[in-house]
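Engineer: Given the structure of chain A, go ahead and fit chain B onto it with the hints provided.
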Amino acid sequence: MTEIIIFILGIALLLYVLLGGADFGAGIIEIFTGKKGIDTISRAIAPVWEANHIWLILAIVIIFNGFPHVFAVLTTYLHIPLFIILIGIIFRGTAFTFRYYDTLNNDAPKYYTSLFRISSLLTPFFLGVTLGATILGKIPAEIKGTFYEVFMTPWVNIFTFSTGIFMTLLFGWLASVYLIGEAGDLKSRRTFAKTSRIFFVMLTISGLGVFLAAEISGLPLFEKFTHSWIAIGCVVVATLIIPFLWKNIQHRKSLRTRFLAGIQTACIITGWFAVQFPVMVSVSGGPHLTIMNSRAPESTMTLLVYALFAGILLIFPAFYFLFKVFKFRNIEKEKVIGN
Amino acid sequence: MDDFLAARLQMTVSFVFHIVFACIGMTMPWLMFVAELKWIKTGEKVFLDLARAWARGVAIFFAVGAVSGTVLSFELGLLWPKFMEHAGAIIGMPFSWEGTAFFLEAIALGIFLYGRNRVSRRIHLYSGLVVGIAGVVSGIFVIAANAWMNSPSGFDWVNGQAINIDPVKAMFNKAWFQQALHMTIAAFASTSFAVAGIHAFLRLRDRRNIFHEKAVNIAISFGTVAALLQPFSGDISAKNVARLQPVKLAAMESLFKTSKPASLVIGGIPDVEEQKADYAIHIPKLLSFLAHGDFNAEVEGLDKTSKGNWPPVVIVHFAFQIMVLMGMLMMGAGMLFLIFKFKWKENLDKRWWLRLLVWFTPVGFIAVEAGWIVTEVGRQPWIIYNIMKTKDAVTPMPGVQYPLYLITVIYILLTIAVFGLMRRQIKAIDTNPNYLKDHD
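The listed protein sequences correspond, in order, to chains A and B.
Sequence positions in the first sequence follow our numbering and run 1 to 339.
Sequence positions in the second sequence follow our numbering and run 1 to 440.
Please keep in mind that the hints were generated in silico from the structure rather than gathered at the bench.
Some hints here could point you the wrong way.
Computed from the model, here is a short list of chain B residues facing chain A with C-beta under 10 angstroms [stated by the list, open to error]:
1. Arg56
2. Gly77
3. Trp80
4. Phe95
5. Glu105
6. Val119
Okay, the calculated beta carbon distance ranges per label pair [claimed, not checked]:
7. B:Asp206 - A:Tyr111: 29 to 39 angstroms
8. B:Phe232 - A:Pro297: 35 to 45 angstroms
9. A:Asp39 - B:Arg118: 15 to 25 angstroms
10. A:Ile31 - B:Pro362: 32 to 42 angstroms
Beyond 12 angstroms from chain A on every Cβ pair, some chain B residues (computed) [as the list claims (entries may be wrong)]:
11. Asp2
12. Leu181
13. Leu229
14. Pro261
15. Gly293
Note that the Cβ used here is the ideal one computed from N, Cα and C, for glycine as well.
Next up, chain A with everything else stripped away, as it sits in the complex (with noise of 0.2 angstroms):
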């Protein structure tokens, strides 16, 4: 059961850094492309953002219906950082609903527009801040010492800074993929592909950044994913995608970018997961929260998962026809103006 649960945890999470993430992406990459982003962004994110981000309310259910030891001990340690990310989401959804709505008034947009960068760009730092610091192990067993030591020092350090900087590139990247083919003309389909090809570059670097910073902050992660075969087997199959990617992207095959870029994120998130397994969260000065000490009790786990099973039957088929209403449709538009 527990493993189940971990699997739909894995998955929620893949589909909310996949999607959700790349609603907080667009609003990364508006940044860059400015203006001209806007009315394209619009429309691709209004039909589906709501519907994005409920995958992030699904990972959290699971953790604290599944695992309420984690969710307690993330909730008091990394307070602030999950409270700047509540900050996020709450000025991201808002500020973007509102200016496609807010069409009669002329100073507003500014107003929103710039809410909604910031808090484009804020939301995935922290949320990847929040990632790092649980494989860190900085968090203490018990709270002893200063503010700084119980709560800053968990998540203040190069490390997870680290892969804050890494999710954000991470997110504005699958958005500028994304964005290739949900662009009209030609000459947006080029602005988000040179986007794309900028961002996939600092994605890389960053990547190995965080290897860096690992070890800076005495965190064996290298060493770690020598150790795992699932993890080995995800870098390797994510650095040969790189040239196929690369080329994709320089034609503009949106489709094949999209697809590959998914294998790419999958990668990421599995190799984590292999690294991490069975660990949830490092712990220092006393043993690591793992999926089995810190699970809820049998009965709760077993109704989880029909609900889980319940909830997917539901949603999968309902989520399938939204995308097919509002993305599949771009998609096939773009083999008549595309190229």
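Structural biologist: Only chain B this time, still in chain A's reference frame:
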């Protein structure tokens, strides 16, 4: 500021803000659906315009409701980690079902709002219906979790740990049905009266405007049904609270001494030191009847509980009185509407009636906020009734007042922004008839 107080205030601010959007999110899609249905049935374009206008409202309120709901789900852990550590395994299940319902709601809403020209008319209409159903269902699931805090069940509490957990029993706890019923009806009453009030206000400015006439009609019809049903669900609630949380009922009624029979206390100012309510109206035996269905039944007073475990009596008492008063007002307005509709129809066009409706705009939401104050403050000092104290669940992080200040400022700004945005939406409808074009 004391950290514990700051945490409670932050929860209060977040909740007071969110519940308004939650109510609108449960009800507004139904109004929108009915307008859409009428457009399809009658072919009158005014209903299409109405459905589109309301759909814009739904989109805006839903976005705010979705993010403020996300805030609450995080805050359960950020502010009350000890609570979530124990409660997560027990009441996580309704949250996972709520997540599913919410998912479907968001998907269907995307299709309804942006898919008018992309899917068939029937699928478009059904997607509106799915939004309405999923919204109500997700509300009911969340309330199951809250009801569990009032009536914890489905586990054994041994040495500060929950064992023998039965999530199904926890979800269908004894308070769940009455709370879900009362809240769902309250959502419909409050939102419908608010919508009717706003459109009545606009109709006063432009009496021949058929758009606002139809809008008032649909909204007040929903509001009337809800307002007339609510007293029955209130009665179920009262009897339930009398049985499950006698202290809460005693605080609501300022019943300091256990009485047989007990009289109903209306209004008044509770004096906790002297243990009496000043300036109140007492109706003999009525509380016994309302609480237990027997005019001579004994009703447990606050004296049965040690003073340290009393909820803040004054707040709970006032909140309860306000809720009941607002409910009665809405019931009265609903009855008037029914009488006018079937007997003196011309009154529905009279200025005074429209003005009355305008005054009713905030009434339902005041009732909802007051009712939640009764539920939540009335449960204090417990976070899980008779199991865990709220102060034992609070986060150990010092300096909680800073997030409190921040969230308060953000929500105030958001409230102002939403008001401004809605005003401009309304202005756009009034000034530009072509405004309600499709989104894509």
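Engineer: Hint by hint, note whether the structure agrees.
Structural biologist: Hint check:
no.: 1; hint: Arg56; verdict: holds (6 angstroms)
no.: 2; hint: Gly77; verdict: holds (3 angstroms)
no.: 3; hint: Trp80; verdict: holds (9 angstroms)
no.: 4; hint: Phe95; verdict: holds (5 angstroms)
no.: 5; hint: Glu105; verdict: holds (9 angstroms)
no.: 6; hint: Val119; verdict: holds (6 angstroms)
no.: 7; hint: B:Asp206 - A:Tyr111: 29 to 39 angstroms; verdict: holds (32 angstroms)
no.: 8; hint: B:Phe232 - A:Pro297: 35 to 45 angstroms; verdict: holds (39 angstroms)
no.: 9; hint: A:Asp39 - B:Arg118: 15 to 25 angstroms; verdict: holds (18 angstroms)
no.: 10; hint: A:Ile31 - B:Pro362: 32 to 42 angstroms; verdict: holds (40 angstroms)
no.: 11; hint: Asp2; verdict: holds (17 angstroms)
no.: 12; hint: Leu181; verdict: holds (23 angstroms)
no.: 13; hint: Leu229; verdict: holds (29 angstroms)
no.: 14; hint: Pro261; verdict: holds (44 angstroms)
no.: 15; hint: Gly293; verdict: holds (36 angstroms)
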